[in-house]
Amino acid sequence: MAGRAPKKKDPTPPAPTMDSLLATKEIAVACGPGGVGKTTTAAASALMAAVHHGSKVLVLTVDPAKRLANALGLDGIGNTEHRVPDSAFKRAGLKPRGELWAAMLDTKESWDSLIRHHAPDEQTRDEILANPLYQNISGRFIQSHDYIAMERLYEIHSAAEYDLIVVDTPPTRNALDFLDAPERLADFFSSRLLRWLIVPYRSKLVNVATKPFYQISDRILGTEFMSDISEFFILFQTMYDGFVERSQAVGRLLSDRRTTFVVVSTLEATPLREAEFFAEQLNERKLHLGAIVLNKVLPDYLQGRAGAKVAEAMKDRAEELAAGLAPSVGAGDPGLADPTQIARVLTEVADSYLNFQIVALREMEERATLAVAPDVLATVPFFDTDIYDLTGLLRLGEQIWG
Amino acid sequence: MPADPMTPLLDRKLVFVTGKGGTGKTTVASALALLAASRGKRVLICEIDGKGELAGYYEAPPTAFKEKEVQPGLFAMTMDTEASLREYLKLQLRVPIVGRIGPVAKAFDFLAAAAPGVREILTVGKLCFEVRDNGWDMVVVDAPASGHIVGQLAAPQAVNGLVKVGLIRNQTDWMLEMLSDPAVTALLAVCTPEEMPVTETIELAVRIREETTVQLAGVVVNRVLPELFGRQEEAVFDALALPEPLAELDHLVAGDAGPVLEAARLAVTMRRTRATHLERLRSGIDPAVPLLYLPFLFTRSHGLRTTRQVAESLGEELGY
Numbered sequence: 047m048a049g050r051a052p053k054k055k056d057p058t059p060p061a062p063t064m065d066s067l068l069a070t071k072e073i074a075v076a077c078g079p080g081g082v083g084k085t086t087t088a089a090a091s092a093l094m095a096a097v098h099h100g101s102k103v104l105v106l107t108v109d110p111a112k113r114l115a116n117a118l119g120l121d122g123i124g125n126t127e128h129r130v131p132d133s134a135f136k137r138a139g140l141k142p143r144g145e146l147w148a149a150m151l152d153t154k155e156s157w158d159s160l161i162r163h164h165a166p167d168e169q170t171r172d173e174i175l176a177n178p179l180y181q182n183i184s185g186r187f188i189q190s191h192d193y194i195a196m197e198r199l200y201e202i203h204s205a206a207e208y209d210l211i212v213v214d215t216p217p218t219r220n221a222l223d224f225l226d227a228p229e230r231l232a233d234f235f236s237s238r239l240l241r242w243l244i245v246p247y248r249s250k251l252v253n254v255a256t257k258p259f260y261q262i263s264d265r266i267l268g269t270e271f272m273s274d275i276s277e278f279f280i281l282f283q284t285m286y287d288g289f290v291e292r293s294q295a296v297g298r299l300l301s302d303r304r305t306t307f308v309v310v311s312t313l314e315a316t317p318l319r320e321a322e323f324f325a326e327q328l329n330e331r332k333l334h335l336g337a338i339v340l341n342k343v344l345p346d347y348l349q350g351r352a353g354a355k356v357a358e359a360m361k362d363r364a365e366e367l368a369a370g371l372a373p374s375v376g377a378g379d380p381g382l383a384d385p386t387q388i389a390r391v392l393t394e395v396a397d398s399y400l401n402f403q404i405v406a407l408r409e410m411e412e413r414a415t416l417a418v419a420p421d422v423l424a425t426v427p428f429f430d431t432d433i434y435d436l437t438g439l440l441r442l443g444e445q446i447w448g
Numbered sequence: 050m051p052a053d054p055m056t057p058l059l060d061r062k063l064v065f066v067t068g069k070g071g072t073g074k075t076t077v078a079s080a081l082a083l084l085a086a087s088r089g090k091r092v093l094i095c096e097i098d099g100k101g102e103l104a105g106y107y108e109a110p111p112t113a114f115k116e117k118e119v120q121p122g123l124f125a126m127t128m129d130t131e132a133s134l135r136e137y138l139k140l141q142l143r144v145p146i147v148g149r150i151g152p153v154a155k156a157f158d159f160l161a162a163a164a165p166g167v168r169e170i171l172t173v174g175k176l177c178f179e180v181r182d183n184g185w186d187m188v189v190v191d192a193p194a195s196g197h198i199v200g201q202l203a204a205p206q207a208v209n210g211l212v213k214v215g216l217i218r219n220q221t222d223w224m225l226e227m228l229s230d231p232a233v234t235a236l237l238a239v240c241t242p243e244e245m246p247v248t249e250t251i252e253l254a255v256r257i258r259e260e261t262t263v264q265l266a267g268v269v270v271n272r273v274l275p276e277l278f279g280r281q282e283e284a285v286f287d288a289l290a291l292p293e294p295l296a297e298l299d300h301l302v303a304g305d306a307g308p309v310l311e312a313a314r315l316a317v318t319m320r321r322t323r324a325t326h327l328e329r330l331r332s333g334i335d336p337a338v339p340l341l342y343l344p345f346l347f348t349r350s351h352g353l354r355t356t357r358q359v360a361e362s363l364g365e366e367l368g369y
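Chains as they are written, first to last, in the working numbering: chain A, 47 to 448; chain B, 50 to 369.
No lab work stands behind these hints, which were simulated from the structure alone. Check the hints yourself; a few may be wrong.
Claimed, not checked - Now the stretches of chain B that chain A is said to cover, found in silico as 3 or more residues with beta-carbon under 8 angstroms:
| id | region |
| --- | --- |
| 1 | 84-93 |
| 2 | 224-236 |
| 3 | 316-328 |
| 4 | 348-356 |
Here a beta-carbon is modelled for each residue, glycine too, at the ideal position from N, C-alpha and C.
Kindly produce the complete structure, drawing on both the sequences and the hints.
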């Protein structure tokens with residue numbers, strides 16, 4: 047015998063793609079700097095998963111563009127989850143194997159429902175909801191967005207209604223804020239200072255160590271406000287255990303292996319540095335960096351040296367070329383056969399190419415120096431028009447999908 | 050109400066620059082400060098969201114709470130609310146706790162978490178203080194992104210609503226007066242001619258009018274693409290891209306001209322898509338608010354050279 051077939055080695059697993067990544071996860075958190083297309087990327091990923099995986103997918107977005115909201119059937123819909131209708135898929139020529147659901151995050155409403163959930167009794171609930179400080183915190187307090195987004199995610203995941211939840215994170219001052227939010231909230235509720243604060247207005251018992259604190263607080267903010275604050279936190283204390291437990295659970299969910307993070311950026315220097323920093327932080331916290339999606343990347347054909355040579359020739363020899371091209375350019379409409387005008391067009395076109403090449407080469411350089419290695423690195427080209435329907439989302443999704 | 054002529058931007062003392070993330074807010078803020086300094090003003094620029102990027106726009110060493118000169122007549126600082134609190138306690142209140150940083154920091158953490166608006170008021174307070182007491186001709190603020198700027202600028206009112214008496218209350222009154230004076234304070238919003246930035250800018254203009262007392266003194270439209278062709282030239286371009294002329298062009302330049310034409314097509318479509326957003330912006334913003342256009346920069350990198358180019362374009366738009 048010429049020998050048996052060599053013993054089969056374990057096949058090398060195929061390189062991971064967004065397709066394979068999202069097929070194995072239950073939560074994908076899209077994060078990154080502002081203005082890079084996070085929301086669109088989250089929506090496109092969810093759409094692709096619904097179309098190809100036959101799963102029930104929810105995209106939880108924070109502040110979608112109006113036309114994207116329209117496309118997802120989210121217009122005028124608040125906090126509730128809403129199924130993207132078949133008609134929208136039909137218009138895009140799609141027949142999804144799964145279901146696509148969408149919901150928007152309403153911070154105020156989410157806080158209110160959290161209070162309703164945790165309040166020990168109706169009276170406490172109503173007092174909290176009516177407290178001016180609470181209204182301020184839930185509506186304006188910036189970090190409350192971060193916390194509530196993760197809290198909402200936890201709630202939806204616990205209900206076990208979806209195979210996959212894709213979350214779009216709120217625009218934060220710092221991309222990391224929402225990661226710390228659950229822990230920060232837990233810390234806050236268990237802080238000694240909180241207890242200090244509540245004591246004097248409750249029992250008028252002030253010891254030597256805490257006295258200066260109240261004196262200063264009173265001088266700066268006034269006794270009335272301090273007593274408002276303390277009343278608010280006395281009410282909040284009743285929900286202490288529930289809150290701490292809950293925020294710890296949210297923290298655990300984020301580091302669960304069923305959760306992955308998708309960092310979105312462009313190849314512009316500032317957002318990319320921020321995205322890179324964020325990816326490093328994920329690694330440091332042992333959170334799963336599943337993918338980096340690079341949006342709005344200029345097309346490859348702008349990079350070639352050959353293209354530049356042609357453009358330079360078009361510019362340098364514009365008049366000569368125009369004279370030669372005039373007959374064929376004017377073949378359909380003799381009015382277009384003016385060599386001076388053709389030369390001007392050739393120069394403009396060439397200049398524009400050379401200009402964009404500078405930007406494209408800078409982007410290529412940025413990509414080459416990317417210091418983090420996610421499982422999946424997806425590049426999405428610059429789309430010349432806005433994405434405002436499922437067809438557009440699908441076009442983007444296919445670029446991500448791999 | 051007869052509209053008073055707007056105070057020229059460079060004559061204001063306190064200019065907040067905001068915008069959606071990714072639109073070039075810091076670029077515009079740093080260019081505005083450079084422009085003012087180059088016209089002989091003594092300028093302070095303050096970065097609020099301490100990401101430490103600002104220094105790079107002037108190719109200067111990292112900035113800190115204490116201002117440093119980064120260009121002739123131009124000083125830069127980074128906001129640090131805790132340092133601001135310490136300074137405030139020391140200068141304004143003469144509170145004896147000064148020096149004992151530990152308790153202050155703890156108390157501050159607590160207050161900032163418990164009482165919304167405290168962090169914001171310390172930021173705005175420091176800026177107003179710089180304008181009033183430190184003799185700057187102009188203080189430029191690289192302010193929070195458009196999602197957060199309203200909370201920042203409305204903080205004095207919010208605190209006034211919550212705090213009825215006390216030293217904080219005494220302080221908010223003069224701050225409000227300064228912020229409300231359009232001869233002194235201005236907000237500049239930066240956007241790009243794209244869907245979300247334009248939508249956010251229009252929404253921001255409404256919220257600024259309704260929830261704050263600060264005047265929106267201009268919208269900077271950043272990264273405007275050049276117009277490649279007039280109508281007739283575009284017809285020539287379309288004819289040139291037909292198979293026969295294109296093949297001839299390939300032959301004449303001994304190469305593939307396809308990508309070069311393709312790139313021009315992309316530039317034309319991008320500009321056209323953006324033009325509709327520009328129209329939406331113009332019709333969505335009070336006509337009294339000027340739009341200032343800055344060109345898309347085809348540059349190698351960011352740094353002082355880019356900041357200078359933007360400052361020049363901004364100067365031209367402002368009529369200097």
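Quick rundown of the hints versus the structure:
no.: 1; hint: 84-93; result: violated (count 0)
no.: 2; hint: 224-236; result: violated (count 0)
no.: 3; hint: 316-328; result: holds (count 4)
no.: 4; hint: 348-356; result: holds (count 4)
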